[in-house]
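Chains as they are written, first to last, in our numbering: chain Z, 2 to 333; chain L, 2 to 333; chain S, 2 to 333; chain E, 2 to 333.
Since the hints were derived computationally from the structure, they do not count as laboratory data.
Everything numeric in this text was worked out from a predicted model, so none of it was measured.
Check each hint, because a few of them may be wrong.
Copies of one chain are not kept apart here, so a pair can be met inside one copy or by any two copies together.
[What the hints assert, rightly or not] As a list, the in silico SDA-like pairs of lysine to any residue whose alpha-carbon atoms are at most 25 Å apart:
no., residue 1, residue 2
1, LYS6, GLY265
2, LYS327, VAL81
3, LYS3, GLU52
4, LYS246, GLY235
5, LYS327, GLY279
6, LYS6, ALA24
4 protein chains.
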Amino acid sequence: MKTLKIGVIGLGFFGGRHARIYADHPAAELIGVCDADFSRAEEIGAALGAEAFASVEDLLAMPELQAVSICLPDRLHEEVAIACARAGKTILLEKPLAHNGEAARRIVEAVEAANVRLMIGHILRHDPRYVQVYEAAAPELLGNPIHLRAKRNGIRSTARRLGSSSSILFYMGVHDVDAMQWVARSRISSVYARKVEMLGTGNEDALYAVLNFENGAIGNLDYSWAWPDGMMNGFRSAFEIVGTKTAAAMDVTDQGLYFVNDGGTVGGDTHLWPEINGRIAGALADELNHFVQATLAGRDYVQHYREALDAIPVLDALALSAQTGKVVEVNR
Amino acid sequence: MKTLKIGVIGLGFFGGRHARIYADHPAAELIGVCDADFSRAEEIGAALGAEAFASVEDLLAMPELQAVSICLPDRLHEEVAIACARAGKTILLEKPLAHNGEAARRIVEAVEAANVRLMIGHILRHDPRYVQVYEAAAPELLGNPIHLRAKRNGIRSTARRLGSSSSILFYMGVHDVDAMQWVARSRISSVYARKVEMLGTGNEDALYAVLNFENGAIGNLDYSWAWPDGMMNGFRSAFEIVGTKTAAAMDVTDQGLYFVNDGGTVGGDTHLWPEINGRIAGALADELNHFVQATLAGRDYVQHYREALDAIPVLDALALSAQTGKVVEVNR
Amino acid sequence: MKTLKIGVIGLGFFGGRHARIYADHPAAELIGVCDADFSRAEEIGAALGAEAFASVEDLLAMPELQAVSICLPDRLHEEVAIACARAGKTILLEKPLAHNGEAARRIVEAVEAANVRLMIGHILRHDPRYVQVYEAAAPELLGNPIHLRAKRNGIRSTARRLGSSSSILFYMGVHDVDAMQWVARSRISSVYARKVEMLGTGNEDALYAVLNFENGAIGNLDYSWAWPDGMMNGFRSAFEIVGTKTAAAMDVTDQGLYFVNDGGTVGGDTHLWPEINGRIAGALADELNHFVQATLAGRDYVQHYREALDAIPVLDALALSAQTGKVVEVNR
Amino acid sequence: MKTLKIGVIGLGFFGGRHARIYADHPAAELIGVCDADFSRAEEIGAALGAEAFASVEDLLAMPELQAVSICLPDRLHEEVAIACARAGKTILLEKPLAHNGEAARRIVEAVEAANVRLMIGHILRHDPRYVQVYEAAAPELLGNPIHLRAKRNGIRSTARRLGSSSSILFYMGVHDVDAMQWVARSRISSVYARKVEMLGTGNEDALYAVLNFENGAIGNLDYSWAWPDGMMNGFRSAFEIVGTKTAAAMDVTDQGLYFVNDGGTVGGDTHLWPEINGRIAGALADELNHFVQATLAGRDYVQHYREALDAIPVLDALALSAQTGKVVEVNR
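Based on the sequences and whatever the hints tell you, model everything.
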C-alpha cells in the first residue's frame, strides 16, 4: 500500500513527538526532519531513519516529500506554512493557526492559492472526552445551549519557559475557544477579558473572560499558568455545556493515576500522548493517524481549516479586551 | 448556665432547620416560632416545645425573647430585621443581608441606632473547606492574590421553585461574592456580567462574570441553576485562589458518597446540614452554635455585619452589568 | 442548666482534642486533666482552666468529677477503665475497647458490676458519611447484604511513630470491623487474614482479610500503613456495601481540598476534627457532644458498649489468622 | 508495504470491534469474518468488505489468510485455537486463554507443536494507566512489593446476560490476576477466596480473595458484578501497589466525563474502546495495532503467551478455594 512521505519542521516538544509517531506509523514514512538547531535534527534523524535539515527550503526540496508537520512557535507559522503551501505540500500545522488574525488569513489564502490541503493540530477533536461532549451536545440531545465553560490551567514554570515567545491565549487558550464554538455549534460574537501579570515570567499569569455567542448562550473562560509547580499533573482542564434539555461535562482534576513517594504524590498523562510499550499513544497519535489516513484516502479532515481559522479573531478580541478593559466585538 | 432565649421567624427550608438546631442546643432555648402560615408554626412549635405565632409583632412581644433568627425571603428582610432591631433583639439574619444595597444599608442603620447585635448567616464562614482555604490564603502564605474563581451551580427545579421571588445573585451568589472578598483580603471594584434566561423558570438560568479587585487580582464567577435535575447531589461548588507564592482550592464534584440503585447513582450531603443520629450536624449547626455562644459571651462574631454588607453593592453591580452589557463600577 | 463535670486521662493526640472540645462545650465543664507527663497536664490544664494531675487516682479523687474520657494506649485501657468504673464515673473510652478480647470483657464486667455508663469512641458512628451509608443499608432499602468492603490506609511514619505499642488491627482496624458489623446488621463468623512486615517499623505494614458473615455476605478488609509519606492527606478510607436491592458507598481519595506550592499538593481534613474559627469541629466534636448530652439526659448512647465489644473477638481472630495462615472462627 | 491478512472468529461485543479495528488499520486487511450466526457474519462482512463464514474450517481454508482473532466464549477457545494453530495461522486469542488450566495447556502445546505465534488479548498491557503503574513498580523505583490490590466491579445485568456461560474469575478476573503477577514481578503461590451467589443470575455475584506471592507480598482481589445497574459507567476498576520505596495506584471512579439529564448522571468510556470520529480508539485499538505490527515485523509481543498462561492456574485455585472454603496452593 501507499505510504505518505512526510517531514517534520520544528523538533521541540511537539515536533519530536510528531516525528516519532510518523516513524511508527505503518502508512507513513518519515523522510526528513528539520530544525534551526541542526544537531537536534541530526540526532532525531539518526534515531528515526530520516534525513536531517537545518533549513526549510532544503527539506521542501526533497522531491518525494508529500506532506509536512509544522511544529514551530506561532510567530513562525506564517512564513513556513506559506513556503510549504507554495512547494505543493500537504500541511499539518500545529495550533494555533497563527499568532494573529491577519497572519492566519494570509496562510489560508496561500493554501487556497496553491490548492494544497491543510489541517490544524486541534488535538481536542481527537480527545475521547471532548469528542463525546461534542456528540452529547448535538441539538436534538442538548436542546439550545444556555451556558458553557472551559478551563485550562497550568503551572508557572511553563510561563517562564515560554517567556514572551507566546501568549496564554494563542499558546493554550486556542484549544478551548475552538472547542467552544465547535461544541456550541455557534460563534462567539463579543468578549470581555481581564488578564494579570504579577509573576514576572514575561508572560501573562492568568486571563478570565465572559463570552457572548451568536445563539444567545454565554461562555466563561478560565486560563492560568500561575499555579505553583506542585499542581497535580502540572495542568488541569475542564469543559461543560448546559442546554435546555441536557448537559455534558468533563473535568480532569487528575487522570486517576498516582505515583507516591515520601515527598508527595504526582500524577500521569493517560490521554494526550502517553508513552506505552515504546510508542506514543493517545490523542496526539490518533490525530496524526487521522491526518495520514485522510490525506492518503483523499477524505475530508474532521475539522476544515476555515473552522480552525474561526478561533483566531476571537483570540484577537480577547487580547484587545484584556488590554483595554472594554467589551470587544469579534471582528471576522 | 445561662441559655439564649431565641425565636425563629420564617419556617421554610432554613427556618425549620434553625428551629431544630436551637431546640437541640444546650445553651439555647427555642421559645417561639413564627410563620405567616400559622399551621406550620403550630406544627413546628408543638414538635419542639415552642410557642407558635403568625405575626412577627406577637413573637417580638415575648418579654423573655433575647434573639431571633430571620429566615425569610430576601425581599422581606428589611421590614422584619428593622422591627426586630427596634424591639431590642439580637439578630441572626439569613443571607443575603437584603435584596439590594439600599435595603441593606437601612437594616444596618436600624441595627446601629438600636444598638443591637447582628450576625449574617454566611455559612461558608463555618464550612471547614472554605475556612481552610481562607487560612491558606493569608498573605504570608499565599503572597499576593493573582486570580480567584468561585463556582456555584444547581439544578433547574430550584429556579422553578423560587420562580421570580429571588435572583441567582442574591439567593445563591452572595455566598461566593462574600467569600471572594474575604479570602482575597480585597474588595471587588468593577465587574462585567452576562446572564441568560431561556428555561422560562421566572428566574435567571445562569450568570457569568469577570471581576476586578482593588489589589489587582482578577475574579471569575460561575453561577447556574440551569443543570438538569439529574446532576449528582443537585449542586456543585468550587473555589480557588492562586497567589504569587502558593495556591489553595476546593472542588466538590461530589462528597465521596454514593447511593446506587438500578436507575442511577445519587449523592448525599456530608458538610452543610446532614442529619446524623437524629440531630442536624455540619456547617449550619456550627454557625448557629457560634451565634449562640458568642452572643451569650459577648464576643465578636467571626464576621462583622459591615463585612457582609460589603457584598451587596457588588451584587447590585453584577445585576446592572448583566442587564446593560456594560462594565460597571461597584458603588459603595 | 446542668453541666457535666468531666476529666480527661491521657493528653496525646486524642486526649488533647477531647480536652479542648469539652472546654468549649456549653454543657460540659472540664475540671481535670491527667497525664503521666505532668508538665503536659499542667500546660493543658493552664490553657483550659482545669486542674492538672499525674495520677489517675488523684483525678478520680475529685468529688465533683462525674465523667472521664480515657485517651490512653490500648494496653492501658483495662487498668484505667476498671479504676474509673470502680470510682463510679461515667466513661468515654477511646477505641479500641481494649487490646484483646479478655481485657475487653473484664472492662465490661467491671462497668456492669459498678453500674456505671460506658461509651466507646467509635467516631464513625458520628461521621456523616458512614452514618448515611448505614442508613442506606437498612434491609428495607438494601435487601440482603451480598458483599461489603472497608479500606483504611495510612502512611509509614504513623507505623514508625507507634512502633510496637499497638497493632494495625487494634489501632486502626477496629473502626471498620465495628462499622462492617453495624452496617451489615450481621456478625463476622470467620476470617482469613494475611499480614506483611517488611519496613521494620516495629509494626505491621499491611493486612488483608476476607470475612464471612453470619448472614452469608462476604467481607474484604484492606489495611495498610505502608504508604510513603507523600500520600495525599496521609490517609485514605473507603467503605461500600452491595445488597440484593441497592448499594451504598463512600470513598475518600481526598476531601476536595488542595493546598499547592512549588513542591507539591497536599490535602486537608474537613470531616474528622478540623479546626475552624478557633474550635474543633467535625465528627469528633459531634461524638463528644453526643456523650455529654446523652449522659446528662440519661439517654442511650448511639452505640451500646456490648456492640463495640463485638468487634474485639473479630480482631483477635484476624490476628490469629494472620499469624497462623489458617482460616479462623471468631470466638465469642 | 505488506499488510496482514486477517480474519475474526466470533462476532459478539469484542469480535465486532476487532473486525472494525482491522478494517480501519492501514497494515491489516480484514478478509474474512466467521460466526455460528451466519446472518451476523454476512452483515459485518458486507459492512467491512470481508467474506462471511459460518464455520471456522471454511474461514481457515482461505489460502491467503495469515492471522485470526478468536473472540469466542472461553469454553470454545480450546477447540478453535487448536484448529487455527494446526492450520498454521498466527493467533490473537481474546482473554482468558481458556476456561481452565488443562485446556490452556493444550492450547499452548498445539501452538508450540505447530510453531505458530500466539498473543493473548490482555488489554491492560496496552492501557496507559496500567502500563504506567507497571513501569512505576520497577524494582529500582518501587523497592520490594509489600501489598497490592485489584478491584474490578460491574453491574448485575452483565451477570444476567452471561448467565452460566462464564464465571466472574475467567470472564473478568483474569485481567487483574495477570496484571498483579506482571506488576509485582512475582507469581501468586496460594489463595483464599470466598464467593456469594444470591441474585440468581446463574453466575457468581462477587468474589473476594487474599493472595500470597512468592516474593512475600500479599494481594487482595475484589470482584463483583452485583452492583445495581445504575452504577456510574456500569463498572469500576482500581489497582495499587505499595513497595518499600514508593507506591503507584490507579482508581477510576469515573473517567471525568458526565452526561446529565433530568433523570440522572451517566458516564462514558474514554480509555478502553471509545468510538471517536467514526473509528474505535483506545486501548483495544492499541492492542490490535501492536498485534498487527509486531506480527508483520516478526517482533516479540509485549506479553509472551507463557506469561498469560501463568494466570490460569491461579484462577483454578481461586475457584477451588471459593468452593471449598480452604486455603489453596496454586498448582502449576
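Hints and how they fare:
1. LYS6 with GLY265: neither (45 Å within a copy, 44 Å between copies)
2. LYS327 with VAL81: So LYS327 and VAL81 fail the 25 Å test inside a copy (34 Å) and across (41 Å) alike.
3. LYS3 with GLU52: both (20 Å within a copy, 24 Å between copies)
4. LYS246 with GLY235: between (35 Å within a copy, 16 Å between copies)
5. LYS327 with GLY279: Close neither inside one copy (50 Å) nor across copies (43 Å); limit 25 Å.
6. LYS6 with ALA24: Both: 10 Å inside a chain and 22 Å across chains, each within 25 Å.
Consistency with the previously given hints fails for numbers 1, 2 and 5, ordered from lowest to highest.
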